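Chains as they are written, first to last, in my numbering: chain A, 1 to 382; chain B, 1001 to 1083.
Possibly wrong hints are sitting among the right ones.
Stated by the list, open to error - Far from chain B, by Cβ distances over 12 Å, these chain A residues were calculated:
hint, residue
1, D108
2, R335
3, Q353
Claimed, not checked - To give an idea of the interface, some chain B residues facing chain A are shown, with a C-beta separation under 8 Å as derived from the structure:
hint, residue
4, P1007
5, C1025
6, R1029
7, L1031
8, V1038
9, E1041
10, A1044
Hint data in this document are derived by calculation from the structure and do not stem from the laboratory.
Quick caveat: nothing in here was measured; it's all calculated off a predicted structure.
Beta carbons are placed, not taken as given, at the ideal position from N, Cα and C, and that holds for glycine.
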Amino acid sequence: MIYLDNAATTMHKPQEVVDAVVAAMGSLGNAGRGASAGALDAGRVVLRAREAVAALLGCPRADHVCFSANATAALNAALSGLVGPGDRVVTTVLEHNSVLRPLARLADERGVEVAYAGCDAHGFLDLDELERLVTPGTRLVAVTHGSNVTGNLVDVARVARLAHAAGALCLVDASQTAGAVPLDMAAMGIDVVCFTGHKGLMGPQGTGGMAVAEGVDVRPWAEGGSGVRSFERRHPLEWPTRMEAGTLNAHGLAGLLAGVEFVEKNGGPAAVGAREHALVRRLWEGVRDVPGVTVYGGWSVAPERCGGIVALNVDGLDSAEVADALSAGWGIACRAGAHCAPLMHHALGTERQGIVRLSCGWFNTEDEVDVAAAAVREIAAG
Amino acid sequence: MARVRVPSLVVTFPTTAAAMSCEECCERRGLGGRMIPVPGEVAAGCGLAWKTAPEAREELASALAADGVPVEAMTVIELLEFR
Chain A
1 MIYLDNAATT MHKPQEVVDA VVAAMGSLGN AGRGASAGAL DAGRVVLRAR
51 EAVAALLGCP RADHVCFSAN ATAALNAALS GLVGPGDRVV TTVLEHNSVL
101 RPLARLADER GVEVAYAGCD AHGFLDLDEL ERLVTPGTRL VAVTHGSNVT
151 GNLVDVARVA RLAHAAGALC LVDASQTAGA VPLDMAAMGI DVVCFTGHKG
201 LMGPQGTGGM AVAEGVDVRP WAEGGSGVRS FERRHPLEWP TRMEAGTLNA
251 HGLAGLLAGV EFVEKNGGPA AVGAREHALV RRLWEGVRDV PGVTVYGGWS
301 VAPERCGGIV ALNVDGLDSA EVADALSAGW GIACRAGAHC APLMHHALGT
351 ERQGIVRLSC GWFNTEDEVD VAAAAVREIA AG
Chain B
1001 MARVRVPSLV VTFPTTAAAM SCEECCERRG LGGRMIPVPG EVAAGCGLAW
1051 KTAPEAREEL ASALAADGVP VEAMTVIELL EFR
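Go ahead and model the full structure; you've got the sequences and the hints to work with.
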C-alpha cells in the first residue's frame, strides 16, 4: 500500500511509538489514582508528555496542557468553556466540523452569534474580512492553523493580533499542523491551541488535548473523578485537572510522548514539515498540468503557505470513483468525498463532486508520490 | 487501462458501524462485494458504501435483515472500473 492519507491519521508510526505503547500497557497503573508504583509511573509518563507537548507548542506552562481523547473533544471543551450566552464568535469557512458543529450548538443553545470569514479562490483565508468581522465585544476568534481540505495554512499570529486588538481571545485548531508546522503560542499570542496526537505528532489515536495560555479561563466541560478532593461537590478548577475529569489514556500518552520525541529528534516541526512539504510539492508538480485535473489550494500562488495536502479532482469523475480507482489500481490510500468541512466545499464549489485528498507524511518517499502522480495522470487520460 | 462503467449495486448505511457490520456479515456468509467510498451520485458527503453485483440484491438484503444490519438505501448505478 502507498499510504497518502496522513491528513486523516499517520498510519505508519515510528517504532518507538509502538514500543512505548506496548511497554506502557504492561506496566502503567492509573495516573493520579494512588501511590502504587504503576500509578506513579503512569503519572510520570503523563507529566513528561505534558512537558514535551508544551515545549513543542510553545506553551510556557506544562500544567496548562490538558489531555483529551482527540482534538474534537478538546475543541468542544474549549469552545464550551470559553463562550457564554449571547457572546460573539468569529470563525472561518476553512473550519472542520469539530469547530463548526460545537459553534452551531452554542448558537442554538446559548444564543451565541457566529460570523464566518470567507476565503479567496485558492482557499486562503480572507484575513481582511476576518478583521472586519472581529468587532469590539467579540469574545473569541476560532481559526484552523491549516485547512484539512486544501492544506492551506493560516497566519495565526496575525489572527491573534487582530483578535486581541478587539479584546477577543484567539483559539487555534492545530489538528492538521501540530508536529509538522512550527507553532509557538507564546510568541504568537495564541490563547488556546487544540491538537490531536495521531497525525503530525505521530502518536496513537485516542490522544489529543488543549494548551491554554496563562490567565485564560476555560470552564470545565466534564466533571468527575480527579484523584484529588474527593469530598468536594464540584470538579476542581486547578490546571490541568479542571479539563481532565476521569482516567487519562496513559497508555496512549506514552505513545504520544514517544511521537513528540521522534519529531524533536528529527529536527522538530520545521524539519519534519519541510520533508513533507517537499514530497507534497513533488506530487503537486506531477499533477498540476495534467489535462482534466483540477488542483485546489494555494500551491500555484503561495507554496510557502501550503501544508501537506494535494487536493484535486478529475473532470467528469466523482472523487469517490477516483479514490477507489487509486486504491484498486495502484494500492494508493487516500480520502475522497466531503472532508467534514462543508463551508470549505461550498467555497470551492465541490459539494457534489467532493475532493480527492492526497496527504504526505514523514514515512512517504519520492517514489511513492511519483507513482501517485502517474496514477492520477492515467486516470485522467482514461 | 481503459475506463468502463459497470452497473453496480451500491448499499449505503446510516452509520459507519453499520457499514462495517455489513462487511462482516458478507464475509461470514461468503457473499461477494467490497467497501468503497460513497459515490456522490448516491449521496453527497462522505462515508462508506458496499459495492456488489446488481443480481446479489435479494440475497444481500435478506442477509443484512437477518443480521439486523441497518441499511439506508440500495441503488444500482454505473461505477467506474479500469480494464
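Going through the hints against the structure:
1. For D108/A, the condition that its CB be more than 12 Å from all CB atoms of chain B holds, with the nearest at approximately 21 Å.
2. Not every Cβ of chain B is farther than 12 Å from the Cβ of R335/A; the closest lies at roughly 8 Å, contradicting the non-interface assignment.
3. Annotated as non-interface, Q353/A brings its C-beta within 12 Å of a C-beta of chain B; the closest such distance is 6 Å.
4. Look at P1007/B: its Cβ only gets to about 14 Å from chain A, farther than 8 Å, so that hint breaks.
5. The restraint placing C1025/B at the interface with chain A is violated, with a minimum CB-CB distance near 21 Å, outside the 8 Å limit.
6. Hint status for R1029/B relative to chain A: violated, with the closest Cβ pair at about 23 Å, above 8 Å.
7. Contact between L1031/B and chain A, as hinted, is not supported at the beta carbon level, the nearest pair being about 19 Å apart and thus beyond 8 Å.
8. A cut of 8 Å between beta carbons decides the hint on V1038/B: the least distance to chain A is about 6 Å, and the hint holds.
9. Annotation: interface hint on E1041/B holds; nearest CB of chain A at approximately 6 Å, less than 8 Å.
10. Taking 8 Å as the C-beta cut-off, the interface hint given for A1044/B holds, the closest approach to chain A being about 6 Å.
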